[in-house]
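These protein sequence lines map, in sequence, to chains A and B. At position 1 of the first sequence the residue is numbered 1 (the numbering used here), and the sequence of numbers has no breaks. At position 311 of the second sequence the residue is numbered 311 (the numbering used here), and the sequence of numbers has no breaks.
These aren't lab readings, by the way, just hints derived from the structure by calculation. Some clues are possibly wrong.
Chain A side only, calculated, beta carbon under 7 Å to chain B, not exhaustive [to be verified]: (1) Val132; (2) Met139; (3) Gly140; (4) Ile141; (5) Pro144; (6) Arg153.
Below, a list of computed lysine to any residue pairs in the SDA-like style, where the Cα atoms sit at most 25 Å apart [as the list claims (entries may be wrong)]: (7) Lys91(B) with Pro144(A); (8) Lys103(B) with Glu127(A); (9) Lys103(B) with Pro144(A); (10) Lys143(A) with Leu80(B); (11) Lys143(A) with Glu82(B); (12) Lys143(A) with Asn24(B); (13) Lys91(B) with Arg119(A); (14) Lys27(A) with Glu27(B); (15) Lys22(B) with Ser142(A); (16) Lys222(A) with Glu82(B); (17) Lys222(A) with Lys103(B); (18) Lys103(B) with Tyr60(A); (19) Lys103(B) with Arg119(A); (20) Lys122(B) with Gly218(A); (21) Lys143(A) with Glu27(B); (22) Lys63(A) with Tyr145(B); (23) Lys143(A) with Leu118(B); (24) Lys22(B) with Lys225(A); (25) Lys225(A) with Glu27(B); (26) Lys168(B) with Ser142(A); (27) Lys103(B) with Val4(A); (28) Lys130(A) with Gly31(B); (29) Lys91(B) with Gly158(A); (30) Lys143(A) with Ser53(B); (31) Lys130(A) with Ile305(B); (32) Lys71(A) with Ile105(B); (33) Lys222(A) with Tyr145(B); (34) Lys103(B) with Asp129(A); (35) Lys222(A) with Val88(B); (36) Lys225(A) with Lys168(B); (37) Lys130(A) with Leu62(B); (38) Lys103(B) with Ile50(A); (39) Lys130(A) with Lys122(B); (40) Lys130(A) with Lys254(B).
Being a predicted model, the structure only gives us computed values, none of them experimental. Glycine residues also receive a C-beta, built at the ideal position from the N, C-alpha and C atoms.
Residues per chain, in single letters:
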Amino acid sequence: MKQVTCFIGEYFPNVVEFQGDLLKALKETVLMVGIAGAISMFFGILIGVILVVTAEGGLYENKWISGVAGKLINVLRSIPFVILVAFMVPLTRLIAGTSIGLKGAIPPLVVGIVPFISRVIEQALCEVDKGVIEAARAMGISKPYIVVHILIREAMPGIIRAMVISCISLIGLSAMAGAVGGGGVGSFAIRYGYARYMVDITFVTVLILLLAVNLVQGIGNKIAKRMTH
Amino acid sequence: MSVVNPEPILELSNLCKTFRTKYNSVEALKGVSLSVNERDIFGIIGLSGAGKSTLVRTINMLERPDSGEVRVSGREITSLAETDLMRVRQKIGMIFQQFNLLKSITVYENIALPLRYLRKSKAEIERKVSDMLEIVGLTDKTGNYPSQLSGGQKQRVAIARALVTDPKILLSDEATSALDPQTTDSILSLLKELNSRFGLTIVLITHEVDVVKKICSKLAVLDKGEIAEQGTLWDVFANPTSGIAKKMLSRLFKLDDIHCALENLKIGKIVQGRGLLVHLLFKGEKANNAYIAYLVKNFDVCISIIYGNIEVIQTSPIGSLFIAMSGEEERVQAALGYLRSEGIGVGILREWHDKRREEIH
Ligand SMILES: Nc1ncnc2c1ncn2[C@@H]1O[C@H](COP(=O)(O)OP(=O)(O)O)[C@@H](O)[C@H]1O
Ligand SMILES: [Mg+2]
Chain A
1 MKQVTCFIGE
11 YFPNVVEFQG
21 DLLKALKETV
31 LMVGIAGAIS
41 MFFGILIGVI
51 LVVTAEGGLY
61 ENKWISGVAG
71 KLINVLRSIP
81 FVILVAFMVP
91 LTRLIAGTSI
101 GLKGAIPPLV
111 VGIVPFISRV
121 IEQALCEVDK
131 GVIEAARAMG
141 ISKPYIVVHI
151 LIREAMPGII
161 RAMVISCISL
171 IGLSAMAGAV
181 GGGGVGSFAI
191 RYGYARYMVD
201 ITFVTVLILL
211 LAVNLVQGIG
221 NKIAKRMTH
Chain B
1 MSVVNPEPIL
11 ELSNLCKTFR
21 TKYNSVEALK
31 GVSLSVNERD
41 IFGIIGLSGA
51 GKSTLVRTIN
61 MLERPDSGEV
71 RVSGREITSL
81 AETDLMRVRQ
91 KIGMIFQQFN
101 LLKSITVYEN
111 IALPLRYLRK
121 SKAEIERKVS
131 DMLEIVGLTD
141 KTGNYPSQLS
151 GGQKQRVAIA
161 RALVTDPKIL
171 LSDEATSALD
181 PQTTDSILSL
191 LKELNSRFGL
201 TIVLITHEVD
211 VVKKICSKLA
221 VLDKGEIAEQ
231 GTLWDVFANP
241 TSGIAKKMLS
251 RLFKLDDIHC
261 ALENLKIGKI
271 VQGRGLLVHL
281 LFKGEKANNA
291 YIAYLVKNFD
301 VCISIIYGNI
311 EVIQTSPIGS
321 LFIAMSGEEE
331 RVQAALGYLR
341 SEGIGVGILR
351 EWHDKRREEI
361 H
C-alpha cells in the first residue's frame, strides 16, 4: 500500500496535490452527464417517436411535422458544439440563471445531444417490424397504446444501445462544455493539465474518461443483451 | 348441399382502391363485390399483385377503399370513425404470412396482448390464454419467446392471439405461404377444426390452389383487382370460366402433364379417326357411380378410359377422367348431354371427324 502511494506521489504529484479538486470535478461530471442525460433521453425518445410515427406510412403520418422536425434536427446537428455553447449563452442564462458551472453546462449539453439521440432512437424504432404494428392495428388496439406498449417495447434493446452511444457522446461533450467554463473533469484538465502543463493531470483525466466510457458500454451491452430474445 | 341464403356475415360491394405514388398510380381494386356467409371458409386466390392483401385489409379498414361498402354483420363500416372501427376490429381476427409476433415478450404475453389492452381481469386473461394454448396445442411453450419457435408454432401463437377475444371472423393473409407443405397441412387442419368446432368464419387469402382445395368451401378468383369468378369450390373447379381459374384447375389435376402424355398417345387411332377426347369431372358421390358402364350400355357408344385420378376437395372426391368416346354422332351427343344433366363436368378436348383430323381445343 505504501509503495503504491509512493508510486503515485512520485509520478502523479499534481494529481495528489489537487485530489480534492479532482474529486469535485468528477462529481460535477457525473452530475452533468446524469442530469443532462436524463433530460435529453426524455426529449430524445419523444422526438424519436415523433419522427417515426409521423414518417410516411407511420401511425400518425404527417409530412409537415416530420419534415420540419427532420430539418430542425439536421440544422442543430451541423452546429459545432463549442459554437453552440457560445451561441446559447443568453438562452442558457434565461433557463439556468447562469451560463457557467454545472448549471450553465446543462442547457447547451441538452440542446447539443438531443438531435443526436433523436436520430439514434429513431433508428432503433425503425427497426421494429412494421408487420407487428399492422397486427396490433388489426386487433383494434389504439395508436397511443401501440406506441407505448408495442413500438417502444419492441425497440427496447435498440433504445438501450442508442442510449449507450448517446451517453458516451455526452461524456465527450461534457468535457468540452467543461473546457468552456462548465466545470467537471474537462475544465479540471484544461485548468491544470493544459494551462499549467501538469501532464499527469491530463493523463489521469483521459484514463478516467476511458474507464467511464467502457463502464457505460459494458453495462449497456449487458442490459441490451438480456432484453434481446 | 349449400344452405339457402343465410345472412351474409361479410358483404363487400363495389370496392375500389387506387394507390397513387409520385410516379404512377395502381388500381389495386376495381369494383370488387363478394359476400361471405357465416361458417364459410372463403378462399380468395390470385396471383401475386392481384390485390388480395389490399382486399382483405379493407375488410377491417386497415386500408380505406376509395369507394364501395363493407358490411360486417350487416353494419356498414367504411364511414365509421377510428374509435368505432377499433371495436369492429376487435371482433375480426387476422393472421399474416410473417406471423407478426412481438419478439420481446413470451408466447403467453403475445396471446394475452389483446386482453391486456382490453383491461380484462388477471383471472380471465389466465383462463382465456390457457384455453387458447390448449386449442392450438402449445401448452408446453407458454414461457418461450417467439425466436425459440418453429414457423408452424409461431403461426399457432398468432392464431391463438387472433382468436383470444372470440372474434367471429378470421382473416388469413397468406398465413401458410412461409411454411413447408407438412406444416401448411397442420395449420390448415387447425383452421378447419376452428371452423367446425366454433363456427368461425374464415376469409383465406392465398396464391396456392392446394391450400384452397384443402379447406375452402367457397372461392373467389381475383385477377388484376377484379373478381374473375366466384362460387362454391365445386362451381369454380368444375366449370371454370376465366382463364386464370382454368389454369388453377389444370394445375390441381396436373392436366398439363397429362396433356403432354396424351399428345404421345395415338388417340386418333383409338377412336378410329372419328370421336372425341373428353375430360370428365365427377363431383362427390357421383364419383362412385358406374357412369361409364351405363353409357356403354344405354347409349351404345364406345368408350376407352385413357387416364383417371381423384382429388379430394373438402371431404368429397372429385374424379378426373379422360376418355375417348366414339360412336354415332347423335348417340355421342346424347351421352354427353346425359352426363351434363347429371351435373358432371364435361370438357371436350379434341374432336376427330371422319377422315379429316381437326383440332378444336
Ligand atoms: N401502400 C401501397 N402503395 C402503393 N401501391 C400499393 C400499396 N399496396 C399495394 N400496392 C399495389 O397494389 C397492387 C396490389 O397489391 P396487393 O394487394 O399487395 O397484392 P397481393 O396481395 O395480391 O399480392 C400491387 O400492384 C401493389 O404494388
Ligand atoms: Mg399479399
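Consistency of the hints with the structure:
1. Val132: holds, 5 Å
2. Met139: holds, 5 Å
3. Gly140: OK, holds: glycine 140(A) within 7 Å of chain B, min 3 Å.
4. Ile141: holds, 5 Å
5. Pro144: With a closest approach of 11 Å, the proline 144(A) hint is violated.
6. Arg153: holds, 6 Å
7. Lys91(B) with Pro144(A): holds, 20 Å
8. Lys103(B) with Glu127(A): Roughly 12 Å separates the two Cα atoms, so the pair holds.
9. Lys103(B) with Pro144(A): holds, 20 Å
10. Lys143(A) with Leu80(B): Holds, because 16 Å separates the two Cα atoms, which is no more than 25 Å.
11. Lys143(A) with Glu82(B): This hinted pair holds, its Cα atoms lying about 10 Å apart.
12. Lys143(A) with Asn24(B): violated, 30 Å
13. Lys91(B) with Arg119(A): Since the Cα atoms of lysine 91(B) and arginine 119(A) sit roughly 38 Å apart, the hinted pair is violated (cutoff 25 Å).
14. Lys27(A) with Glu27(B): Distance ~64 Å between lysine 27(A) and glutamate 27(B) Cα, so the pair is violated.
15. Lys22(B) with Ser142(A): Judged against 25 Å, a Cα distance of about 30 Å means the pair is violated.
16. Lys222(A) with Glu82(B): The given pair, whose Cα atoms are some 41 Å apart, is violated under the 25 Å limit.
17. Lys222(A) with Lys103(B): holds, 18 Å
18. Lys103(B) with Tyr60(A): holds, 23 Å
19. Lys103(B) with Arg119(A): holds, 23 Å
20. Lys122(B) with Gly218(A): violated, 37 Å
21. Lys143(A) with Glu27(B): violated, 28 Å
22. Lys63(A) with Tyr145(B): violated, 36 Å
23. Lys143(A) with Leu118(B): holds, 14 Å
24. Lys22(B) with Lys225(A): Answer violated: lysine 22(B) to lysine 225(A) is near 41 Å, above 25 Å.
25. Lys225(A) with Glu27(B): Outside the cut-off at roughly 45 Å; violated.
26. Lys168(B) with Ser142(A): Holds, at roughly 21 Å.
27. Lys103(B) with Val4(A): violated, 51 Å
28. Lys130(A) with Gly31(B): violated, 28 Å
29. Lys91(B) with Gly158(A): Since the Cα atoms of lysine 91(B) and glycine 158(A) sit roughly 33 Å apart, the hinted pair is violated (cutoff 25 Å).
30. Lys143(A) with Ser53(B): holds, 22 Å
31. Lys130(A) with Ile305(B): violated, 55 Å
32. Lys71(A) with Ile105(B): Distance ~35 Å between lysine 71(A) and isoleucine 105(B) Cα, so the pair is violated.
33. Lys222(A) with Tyr145(B): holds, 19 Å
34. Lys103(B) with Asp129(A): holds, 9 Å
35. Lys222(A) with Val88(B): violated, 42 Å
36. Lys225(A) with Lys168(B): Since the Cα atoms of lysine 225(A) and lysine 168(B) sit roughly 40 Å apart, the hinted pair is violated (cutoff 25 Å).
37. Lys130(A) with Leu62(B): OK: lysine 130(A) and leucine 62(B) at ~13 Å, within 25 Å.
38. Lys103(B) with Ile50(A): holds, 23 Å
39. Lys130(A) with Lys122(B): Measuring from Cα to Cα gives roughly 29 Å; hence the hint is violated.
40. Lys130(A) with Lys254(B): Answer violated: lysine 130(A) to lysine 254(B) is near 38 Å, above 25 Å.
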